[in-house]
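2 protein chains.
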Amino acid sequence: MELLKRRICDSGRAIGNDILKVDSFLNHQLDVQLFQEIGKEFQRRFRTERITKILTVEASGIGVACITAQYFNNVPVVFAKKSTAKNLNAEVYESNVYSFTKGAHYIIRVDKKYLKAEDNVLIIDDFLANGKAVLGLLDLCRQAGAHAVGVGIVIEKSFQEGRGAVLKENIRLESLARIKSLKEGKIIFMD
Amino acid sequence: MELLKRRICDSGRAIGNDILKVDSFLNHQLDVQLFQEIGKEFQRRFRTERITKILTVEASGIGVACITAQYFNNVPVVFAKKSTAKNLNAEVYESNVYSFTKGAHYIIRVDKKYLKAEDNVLIIDDFLANGKAVLGLLDLCRQAGAHAVGVGIVIEKSFQEGRGAVLKENIRLESLARIKSLKEGKIIFMD
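Chains as they are written, first to last, in this note's numbering: chain A, 1 to 191; chain B, 1001 to 1191.
Mixed in with the good hints, there may be bad ones.
[To be verified] Once the Cα atoms are required to be at most 27 Å apart in a straight line, the calculated DSS-like pairs of lysine-lysine come out as:
| # | chain 1 | residue 1 | chain 2 | residue 2 |
| --- | --- | --- | --- | --- |
| 1 | A | 81 | B | 1021 |
| 2 | A | 102 | B | 1086 |
| 3 | A | 180 | A | 5 |
| 4 | A | 81 | B | 1086 |
| 5 | B | 1081 | A | 5 |
| 6 | A | 112 | B | 1021 |
Hints listed in this document are in silico derivations from the structure and should not be mistaken for laboratory results.
Produce the entire structure from the sequences given, and follow the hints as far as they go.
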């Protein structure tokens, strides 16, 4: 997606060899107009699918997911909640996620009422790096018996293992910008 | 806002005397179509103000804030990040917030780049209860020298002290649904 790639070049900042700061438009300050274009692009890529629900994880996935839902007939958005506490609760699906950034595990949870066997789920997130969050969301879908239709990612760090891990699950992955490398603070795209 | 009140009656659930569960449409599963009507109503109420930024706090404020921004010429949304760790960082504004629900303090933070003295800020949040989160957001605005134009709340629990605490700051408060009481599991509105 050219508009997004331009924005990453103009406003993104590579730190070290693997961190890309895009908090001016994607995950701290949010550019809603850009999100609209992102939503339209996800709609274009998944338009042949019958989506009934968008699933994301707090916090930075929520804005993109809500704006995107508008281009999918306003389907409900569900965000998985993060917590560090294990919590025996029969009313929720939960999955264990390892965060490389924080070097720690956390739990993501969705109330069973909001993820059903009849759902066709589009998973949306802002970043794909190691893929652990997306695998956790896929795990929640599996527990619910819901059909995960695909995964829509705004920025994929293609030099990390997330893409391979998601594709191994036999699920369609659409990333709007794919970063080949951030070496020496230079942002290089895949194509 | 009648549509919202009807939805609260239909889908909300009062638990004990002071908890209102609205996770089927407001803070776990998100009804984007309802959020559009909420956004239009905030726009109607604040239409005479020149808003340059919408400020909220993760996580459940983000969806409403992003959809609402569309009715304010797509102004940027900034969400304050929550953390429990004190963190000496000269690049952020931070404020200490006490959560009655969790019985614990947490810190909210905004990068100084995204809140400026020239900003006219509309604060948006899903709930107003004790008002501590909104007071924290007002504190961040004050530190930045930004002008807080008003506070837009989806559901106000008017039997708690949030409303009084916010009005004491001499700031305009617009709550789209005001709950007078949840006693014995019955949802009673202010008017």
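Hints, verified against the model:
1. Annotation: proposed proximity of residue 81 of chain A to residue 1021 of chain B holds, straight-line Cα distance about 15 Å (limit 27 Å).
2. Restraint check for residue 102 of chain A and residue 1086 of chain B: the C-alpha separation of about 16 Å stays at or below 27 Å, so the hint holds.
3. Annotation: proposed proximity of residue 180 of chain A to residue 5 of chain A holds, straight-line Cα distance about 12 Å (limit 27 Å).
4. Under the criterion of a C-alpha separation no larger than 27 Å, the hint pairing residue 81 of chain A with residue 1086 of chain B is consistent with the structure, at around 23 Å.
5. Taking the CA atoms of residue 1081 of chain B and residue 5 of chain A, the gap is near 26 Å; set against the 27 Å cutoff, the hint holds.
6. Distance hint between residue 112 of chain A and residue 1021 of chain B is fulfilled; the C-alpha atoms sit about 15 Å from each other, no more than 27 Å.
Violation of the numbered hints given earlier is absent; every hint is satisfied by the structure.
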